[in-house]
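Peer 1: Letter by letter, the chains look like this.
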Amino acid sequence: MYELKSVDKKFPGVHALKSVDFHVNRGEIVGLVGENGAGKSTLMKVIYGAYQPDAGTIMIGGKAVRFAGPRQAMEQGIGMVFQEQSLIANLTIMENIFLGYEAQFQRWGVINWIAMAAAARKQLAKVKLDIDPATITSRLSFAQRQLVELAKVLALEERIDGDLVILLDEPTSVLSKDEVTLLFKLVRELTSRASFIFVSHRMDEVLDLSDRIYVMKDGAVVDVVTREAARIGTIQQKMVGRSVDKQYYREQRQKPFDPGRVLVEFDKVSLPGRVRDISLRLHAGEVLCLVGTEGAGRESILRATFGMLTPVAGTVTIKGKSSVGLNQPRAVARGVGYVPRERKVEGIVAGMTVYENMTLSQMGRYSSGGVLRVGQERALARDWIARLSIKAHSEFADCGNLSGGNQQKVVLAKWRSGGSDIMLLDHPTRGLDIGAKEDVYEMIRDMSDDGVGVVLVADTLEEAIGLSHTIIAVKDGQIRKQFDSTPGHKPSLVELLQYMI
Amino acid sequence: MNFQRLKPHFPWITLMILTSCVGVYDPNFLRPANLLALAGDIVPLFIMALGLTFAIFIGGIDLSAQSMANMITVVASVYLASLGVGVAVLCILVGALLGTVSGYVTTRLKVPSFITTLAVGGVCLSAAQWLSGNRAVNMDATQRDAVFGWMIGRTGIVPNELFIAAGLLAICLFVERRTVLGRALKAIGAGELAAAASGVRVARYKIAAFAISGGLAAVAGLLFAVKLSGGAPSIANGFLLPAIVAVLVGGTPLTGGVGGVLNTAIGTLIVAVIRASMLYYGIAATQQQMVFGVVLILAIALSIDRSKLRTVK
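One line per chain: the protein sequences are B and E, in this order.
Counted the way our numbering counts, the first sequence spans residues 1 to 501.
Counted the way our numbering counts, the second sequence spans residues 502 to 814.
Rather than coming from a laboratory, the hints here were simulated on the basis of the structure.
For each residue, glycine too, the CB sits at the ideal point set by N, CA and C.
Treat each hint with caution, since some may be false.
Stated by the list, open to error - Beyond 12 Å from chain E on every Cβ pair, some chain B residues (computed):
{"no.": "1", "residue": "Ala118"}
{"no.": "2", "residue": "Leu190"}
{"no.": "3", "residue": "Val225"}
{"no.": "4", "residue": "Gln252"}
{"no.": "5", "residue": "Ser270"}
{"no.": "6", "residue": "Asp446"}
{"no.": "7", "residue": "Asp450"}
{"no.": "8", "residue": "Gly477"}
{"no.": "9", "residue": "Phe483"}
Stated by the list, open to error - Here are the simulated lysine to any residue pairs, SDA-like style, with alpha carbons at most 25 Å apart:
{"no.": "10", "chain 1": "E", "residue 1": "Lys508", "chain 2": "B", "residue 2": "Ala350"}
{"no.": "11", "chain 1": "E", "residue 1": "Lys508", "chain 2": "B", "residue 2": "Ser403"}
{"no.": "12", "chain 1": "B", "residue 1": "Lys344", "chain 2": "E", "residue 2": "Leu755"}
{"no.": "13", "chain 1": "B", "residue 1": "Lys344", "chain 2": "E", "residue 2": "Ala697"}
{"no.": "14", "chain 1": "B", "residue 1": "Lys344", "chain 2": "E", "residue 2": "Val681"}
{"no.": "15", "chain 1": "E", "residue 1": "Lys611", "chain 2": "B", "residue 2": "Asn327"}
{"no.": "16", "chain 1": "E", "residue 1": "Lys611", "chain 2": "B", "residue 2": "Ile88"}
{"no.": "17", "chain 1": "E", "residue 1": "Lys611", "chain 2": "B", "residue 2": "Val324"}
{"no.": "18", "chain 1": "E", "residue 1": "Lys508", "chain 2": "B", "residue 2": "Gly400"}
{"no.": "19", "chain 1": "B", "residue 1": "Lys344", "chain 2": "E", "residue 2": "Leu669"}
{"no.": "20", "chain 1": "B", "residue 1": "Lys344", "chain 2": "E", "residue 2": "Arg702"}
{"no.": "21", "chain 1": "B", "residue 1": "Lys45", "chain 2": "B", "residue 2": "Asn25"}
{"no.": "22", "chain 1": "B", "residue 1": "Lys344", "chain 2": "E", "residue 2": "Ala704"}
{"no.": "23", "chain 1": "B", "residue 1": "Lys217", "chain 2": "B", "residue 2": "Gln247"}
{"no.": "24", "chain 1": "B", "residue 1": "Lys481", "chain 2": "B", "residue 2": "Ala350"}
{"no.": "25", "chain 1": "E", "residue 1": "Lys508", "chain 2": "B", "residue 2": "Thr353"}
My request is simple: use the sequences and hints to build the entire structure.
Peer 2: Below is the structure:
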């Protein structure tokens, strides 16, 4: 009924979808799984009309269609229930349900609220939510809002002729177990009204709910399994299973760390949000990888080490000193360096030169009485441009014009040249091509040799396994398992996955 | 030559074109003495714009500058008799202090700078009215000449104000290009989050930017009071719009991070030429703010980097 035929999508430097075939039958629940960056989000955006494919066709009921935007897709019966909920918090439930479609209740420009409330009640009944449609949305629980969102999409039913396809993007990520059970029961009942595409990181849930499962990796569909044939283990292997080259992650350069020198220690730390009871130690020369799904709490741990989050309980100790009152400037002064995920937003300052970026964290060292010693700054930049073979025409190059890999090198040079010996790397290889990735791996090994402790949130699991001395699996804000990852004894993907999802 | 590479050169090209337009209309306009007098007249506005540049450079704005200058004309006139030359120190301290208040409220209490400085401007206006009894106050002419006379004389054909302007510009240029403060302000304007993630004490530097803005607005007020030999709570009205125009036309966009004080110098000259040309084309003084309003909107619409803005409210 809904079908994609060899759909292709390219972004600068990334082949996001490679000739993807995909179809949904009437009343079917289709699961979609894959690692971060496998192309799930791009595929969903193509389905609900936010992206237009570069090649291939979209067919609905055997007819080729083209959407200029999500609204057109909706008019063809494609609805999306967003992970980041799309309801407007200060409007009532009914206003949200009919947002953009108020005309049907309108007369002389005035809305007939009674008619709208009645219509909204009908939609809410479909999702078994017995609540006054005039309630302000912000007063609902998260699970209730999810149901309202579903009701909003189901309202399409009356508006269009054809069949309905509803995308559910990580709908369970913040629901309790009971709420998940209820939601799944409801979705199964609703298959009489619509087909569903279900995207989740939680493999057990995908297996539980879906009739068929598409497995994606590197922008392509690598397997389609039916409910009966699905096994968690085999799906996981297909999701991640590319050949891992020891050379690639510079494993031969991995040396034991110094267990006598503890750089960072978390003692039963709880953070705002749902991160609880984190205890860990980072040693000199160690690469400590945090693995877990999006939102499991990895970033919060990094940010707490950098003074961007204050623990609500427990203590963080940096180089033997308590971190009470830690903020970013103080963290930098103690030798902590942070390589953020959003390289262009938090990593480099576009519009400033390479040398200005490199000394941004250490201007005190390159100035006397507040006056900068620009000559020294430039010498430093020239030195690091050569050491890391940064491709920039000179130290005067605008960082905003460098390629992603070279920007990342500038960020790393900023911290390394300042002598930071605790490095927090948040997805340091995200969006880099293979050559640039290898350069980053090389730099991580260099840092270990220099006795730097590295906390790494890696882009892929192989990267985490390949680079790390120690792996900590985080799930729902808690540490589930700590693995030793010395060469020859590295944990397997499947071992890690069972503690992550 | 594409548009993006040409863009940084727009301000001085505009200045040249405007100057030659008026020059063609009336060749007398181009006489050095006339041009120098024109530049000298605009110096108080320039100093105010110079301060504003710092606030705009970090992506903020200082709407209190005009009321600050108004208040300082009164303060200078009232306290000249008792403090003598010390009144200059008092004026600058008051300006910098009120600027610090604006900066503190903006960064620590998270009130947007346009509303903070609007409120501080209200405080200044009211203080000026209270201090002056809402009348014009005069300086004693002999004392003014003895203490501040050097400010408003002439050396040859060059008005002395121009030396003050050049001195302040040189200091500001040094701060902007060669000091930790200037570098930090640039980083905050171009990428505040990255600056914070590099451990730059963002709030402190932002407060400093507003303090400089306040201090220079006070200098502008002081010079204005000396020129007019007195002060009043509304004497500098009509300064704010041209001052903002000067900064933006000069090439420092509202989003901050690029441009700088040298741009503001060119922008101020553009304002001076526009103002003079209105005389030549017979536009009444009462209509000038209309022209500046239109120029301001055009300058912002042309200079703004829309990719940096997600929504405009």
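Peer 1: All hints, please: hold or fail.
Peer 2: Each hint, compared with the structure:
For alanine 118 (chain B), the non-interface assignment is confirmed: its Cβ lies about 34 Å from the closest Cβ of chain E, beyond the 12 Å cut-off. For leucine 190 (chain B), the non-interface assignment is confirmed: its Cβ lies about 35 Å from the closest Cβ of chain E, beyond the 12 Å cut-off. The beta carbon of valine 225 (chain B) sits about 41 Å from the closest Cβ of chain E, which is more than 12 Å, so the claim that it is off the interface holds. At roughly 33 Å, the least C-beta separation between glutamine 252 (chain B) and chain E is larger than 12 Å, which holds for a residue marked as non-interface.
With 12 Å as the threshold on Cβ separation, the claim that serine 270 (chain B) sits away from chain E holds: the shortest Cβ distance comes to roughly 24 Å. Taking the minimum C-beta to C-beta distance to chain E, about 21 Å, the non-interface status of aspartate 446 (chain B) holds against the 12 Å cut. Annotated as non-interface, aspartate 450 (chain B) keeps its C-beta farther than 12 Å from every C-beta of chain E; the closest such distance is 20 Å. The non-interface label for glycine 477 (chain B) is consistent with chain E: the shortest C-beta to C-beta separation is roughly 23 Å, beyond 12 Å.
No beta-carbon of chain E comes within 12 Å of the beta-carbon of phenylalanine 483 (chain B); the shortest separation is about 30 Å. Between lysine 508 (chain E) and alanine 350 (chain B), the direct Cα distance comes to roughly 17 Å. Compliance with the 25 Å bound is thereby established for this hinted pair. Simply put, lysine 508 (chain E) and serine 403 (chain B) have alpha-carbon atoms about 23 Å apart, close enough for the 25 Å limit, and the pair holds. As the CA atoms of lysine 344 (chain B) and leucine 755 (chain E) are separated by approximately 21 Å, the hinted pair is consistent with the 25 Å bound.
Simply put, lysine 344 (chain B) and alanine 697 (chain E) have alpha-carbon atoms about 13 Å apart, close enough for the 25 Å limit, and the pair holds. Our distance criterion of 25 Å between C-alpha atoms is met by lysine 344 (chain B) and valine 681 (chain E), whose separation comes to about 22 Å. Between lysine 611 (chain E) and asparagine 327 (chain B) the alpha-carbon distance is near 18 Å, which keeps this suggested pair within the 25 Å criterion. Using a Cα cut-off of 25 Å, the hinted pair lysine 611 (chain E) and isoleucine 88 (chain B) holds, with the two alpha carbons roughly 24 Å apart.
Only pairs whose Cα atoms come within 25 Å are accepted, and lysine 611 (chain E) paired with valine 324 (chain B) is accepted, the gap being roughly 24 Å. A threshold of 25 Å between alpha carbons decides the hint, and for lysine 508 (chain E) with glycine 400 (chain B) the separation of about 17 Å falls inside it, so the pair holds. Proximity of lysine 344 (chain B) to leucine 669 (chain E) is assessed by CA-CA distance (about 35 Å); at most 25 Å being required, the pair is judged violated. A distance of roughly 20 Å separates the Cα atoms of lysine 344 (chain B) and arginine 702 (chain E); the hinted pair therefore holds under the 25 Å criterion.
Simply put, lysine 45 (chain B) and asparagine 25 (chain B) have alpha-carbon atoms about 19 Å apart, close enough for the 25 Å limit, and the pair holds. Our distance criterion of 25 Å between C-alpha atoms is met by lysine 344 (chain B) and alanine 704 (chain E), whose separation comes to about 21 Å. Between lysine 217 (chain B) and glutamine 247 (chain B) the alpha-carbon distance is near 22 Å, which keeps this suggested pair within the 25 Å criterion. For the proposed pair lysine 481 (chain B) and alanine 350 (chain B), the alpha carbon gap of about 40 Å is over 25 Å, so the pair is violated.
About 19 Å separates the Cα atoms of lysine 508 (chain E) and threonine 353 (chain B), which keeps this hinted pair within 25 Å; it holds.
When each numbered hint is compared with the structure, violations occur for hints 19 and 24.
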